[in-house]
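Since the structure of chain A is already known, use the hints to place chain B on it.
Residue-level listing of the chains:
2 protein chains.
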Amino acid sequence: MYDGLKGFTDFYPAEMAPRREVIDTIEETARRYGFRETATPALEPAEMWTDKSGEDIVDELYDFEDRGGRHVTLTPELTPTVARMVVARQQALSKPLKWFSTRPFWRYEQVQQGRYRELYQTNADIFGSSDPDADAEILAFAADSLTALGLDGSEFEFRVSHRDILGELLRSFDADVDVPAAVRAVDKRAKVDETEYVDLLVEAGLSADQAREFDDVLLAGDRDRSALTDFADSEALAAAVENLEAVLAAAEDFGVREYCDVSLTTARGLDYYTGVVFECFDASGEVSRSIFGGGRYDHLIEAFGGQPTPAVGVGIGVMNSTLPLLLQVHDAWPGEGITSDYYVLQVGDTRPVAARIARELRERGHVVETDVSGRSFGAQMDYADSIDAETVVIVGERDLEDDEITVKDMASGDQTNVPVEAFPGDRERPTDDEFAQ
Amino acid sequence: MYDGLKGFTDFYPAEMAPRREVIDTIEETARRYGFRETATPALEPAEMWTDKSGEDIVDELYDFEDRGGRHVTLTPELTPTVARMVVARQQALSKPLKWFSTRPFWRYEQVQQGRYRELYQTNADIFGSSDPDADAEILAFAADSLTALGLDGSEFEFRVSHRDILGELLRSFDADVDVPAAVRAVDKRAKVDETEYVDLLVEAGLSADQAREFDDVLLAGDRDRSALTDFADSEALAAAVENLEAVLAAAEDFGVREYCDVSLTTARGLDYYTGVVFECFDASGEVSRSIFGGGRYDHLIEAFGGQPTPAVGVGIGVMNSTLPLLLQVHDAWPGEGITSDYYVLQVGDTRPVAARIARELRERGHVVETDVSGRSFGAQMDYADSIDAETVVIVGERDLEDDEITVKDMASGDQTNVPVEAFPGDRERPTDDEFAQ
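First to last, the sequence lines map onto chains A and B. Here my numbering is used: the first residue of the first sequence is 1, the next is one more, and so on. Here my numbering is used: the first residue of the second sequence is 1, the next is one more, and so on.
So here's chain A without its partners, still in its complex pose (with noise of 0.2 Å):
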C-alpha cells in the first residue's frame, strides 16, 4: 500500500463537488468581467524565480535537474510565467490583457490546516494598465467573487495598502535602506513579536526609534493619509498616496468601497508589488490568517525583458485554502456529496430497454447511472440511495411482459407504473409527480 505525499491531498468526489461549485462562481464572475482563461505549464526554467522573486519562495521552490541537465521548478505562483507569456508575444497582443486561470502550485512549506504544499488558485490579472481603475476592477473582481459565493459584505475585509508608500516612508528616513528587507519585515508584523520586528527593521537600515515611529506613521495613515504626506515632504510619496485615494475612489464607483479597509502595514511577500497591495481577511476573525491578496507589480515584465508593461492582479486560494474556512465559517460552504437525477435499475435480462432510457435521460442534459456490475435489486436500490438519485425507473422483465416500467420517487417513496414507450417521451426531466394521479 503507497500513501500519498505528506501536503498533498487527494480529493474524493464528495469532497470535490462543493470546490468545483466554488471554483466554478469565481471563474463564472472572472469571465463577466472580460478576464479570458489561459492554461501555463507547471514546470519552468527555475531562474525565473530564482531571479527576481525574494528569498522566502526561494527556500520553497520544488526544483531539479531535468533529464535534459535542466535547472527547472514546479511553479510555487503564477505571476512570473505570465510575464514571460506577455513579453513572448508583446507585439502581438492589444492590451490590456485580462487573463485568469485556476490550477495548482507546489511551494515545499510547513504544512498546517489552509497551507499545503499543493495549492490551488485561480489568479486573475490586468497587463498594460497603470490607471487605478485597474487595481479597482481587480478589488471588484475579488469582491464580486466572494458575493457570488453567497459571503455577505459584512464578513470579509480587503486590507488595502501601498508599496510606493512604504518605500518612500522608508526611504525619507534614510536613503539606503533596504527597501525590499524592510517591506518583508512589514509583512512579518502580524507573525512575530514586536522586538523581532524591530529587529528585522533595524536588519533592513532603519535605527530602532525610525523603526518605531515608521510603524507610528503606517498606523497614522491607515486613519488619516495626510498624516503620511505630512511626516515627510516628497513628491513621490505625495504621488503614492494620491494613487492610493485614486484607487478607493474608483472602487466606490464600482461599487466595492464598503469592503476596503487602508492597512499600510498590509504589505504581501512577493518583492515584485510595486502600487496598491491588499490582502482579504475575515472580518469576523474567527479565520486567522489572510484568506488571499493581491496588487501591482508594474516592474516585472520589464525585468523579464519586455517593453514597460504595468500589471496587477489578484489569486485567490481554491480547493485547500483559507477559503473553504471562511465560507464554512459563515455558512457559504456549498454542501459535500454527491447527488443523481436519475437512477435506471434494471431486473433480469432488461438491458436494452434500460438503455436506452438511459440514454435518452441523458440526452436532456441529467445526471444518469444504471446497473454495471449485475446486481440485486437490493443492492442496486443501496447504490441509488447512496449516489441520493432523485427518481429510479426501475426497468423490470415481469413489468416488461406488461409494456411497463415503475418510476420512483426516493424521497417520498412513491412509485408508479408507466407505459414504458411513454418514458421519458417528450418530457424534460419526467418524474412520479407527472405519472401519479
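Please note: incorrect hints may appear among the correct ones.
Any copy will do: because identical chains look the same in the list, a pair fits if it lies in one copy or spans two.
Stated by the list, open to error - With a Cα cut of at most 20 Å, we get these calculated SDA-like pairs of lysine to any residue: (1) Lys191 - Val111; (2) Lys95 - Ile338; (3) Lys6 - Val87; (4) Lys95 - Ala379; (5) Lys6 - Thr73; (6) Lys95 - Asp388; (7) Lys95 - Glu15; (8) Lys6 - Gly68.
Think of the hints as simulated: they come from the structure by calculation, not from any bench. Remember, predicted model here, so these are calculated numbers, not experimental data.
Using the frame of chain A, we list chain B on its own:
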C-alpha cells in the same frame, strides 16, 4: 527574456477558448454518465510507477529527490493515483465508483505534433465492476464525447483488443513466454518494421516461426473469433473470447457497437492492463497516430495493497493531444479567438454611470468589459473590436447632459440613443435592435 521549457505549451486566450469548449463537452458527457469529479496530486512517490508500470513509462519519469529526501515523481498518468485512493478508502466507498478528472501529466519524451512533455487528459474510470457492461459504458462515454464534440460516427473508430486473449495465445505457444514483453512488442507493431517486430517477440520467448504464426492468428481473430478458439484449446482463452463478445454485445445495447472494430494487435503499452483494451483512431487515417485509449486493469488495486477490485477506464488526451488534430481534420474544431457581449465605452468623466451599466449587465450573466486604461474613444473602439464585442454602450459626457447613452451594434454599425435610466432596465440582453425604430 526567458523561454518556457521545450515540450511545455503556453495556451493564450484565443487558443484556450476552443480547448475549454472541448473539455467542457467531454466533462459534461462524463457527468451525465454519473462519473464524479476528483482532483489528485501532481507529485507522488516515484515507486508507484517504478514498481508496476513497465519500463516504457519509467524511462520517461520526471522524478527527483525532494527537500525531504523523498524520491518523488511528477505523475505521468492517473491510474496508479486513483488506485491508491481507492485502496485508502476501500471500506467507506460504495462500489462501483465512477470517477473523472481533467489535469496535466508529464512524460520526458520526444516532442512531436500532438505529443508534448506536458500532456492533458480527461480520465474516466469505473472501480468495482468486472461486468462487461462496465467496459461497454467506458466505450459509450468515449463515443458519446466524440459525437457531442460534433464528430460523425464514421469519422472515428475504436480498435478493441483483449489482453487475456493475447496472453493465453502466447502461453499456448510456450508456457514460459514473457507475456508483458510480448504484449509490449505487439503495442510497437505499427511503429517498427516486421523484422524488428519478430525480433521483439523472439526476445519475449517465441521462436521466429511462432511469432509469425501468432501474428497471423491475431489477424484471423479480428475477422472471426472462432479462429482463436480453434487455434488453441484453452478454457482461459475461451473465457477471454467470450468476455470480449459480451463487451461488444453490451456496446450494441448502449448504441456504440458501430464504432468498435476488433483489432487484436492493438495492445496498449502499459503492463497493468488485463481484459479489454482499446484505442481510438481517425477513421479517415489522416491523423495516423492513436487519438486516445483505455482498458481494463483488474489487478492493480490488489497490487497496491487493496482488496481485489476490478477496474476499467479511459484517458482522453485534450488540449495539445491528437484529439484537436482529429477535430480539425473533420471540421469539428471550435473557432479560436475570444468574444464578448458588451464593451462599455467611456468618454470624459463618466465612470460612475459606465460602472453602473457594466455591473448591471454582468449581473445578467454577460461578458462585459469597460475602460480601465483611461484611453481615447478611438483606442477604446479598437479594443472593443479586438475582443469581438457584440454591442458597444457609449457613455459620453455630452450625451449624459441629455440623460442619454448610445447603443451601437458592432456587426451592422447601427447605433441608437437611449435614455440612460432605461438601460439596461428590465431587459435581459439589450441590443441596438431593441431600441432602433
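Task: Hints breached by this structure - done: none
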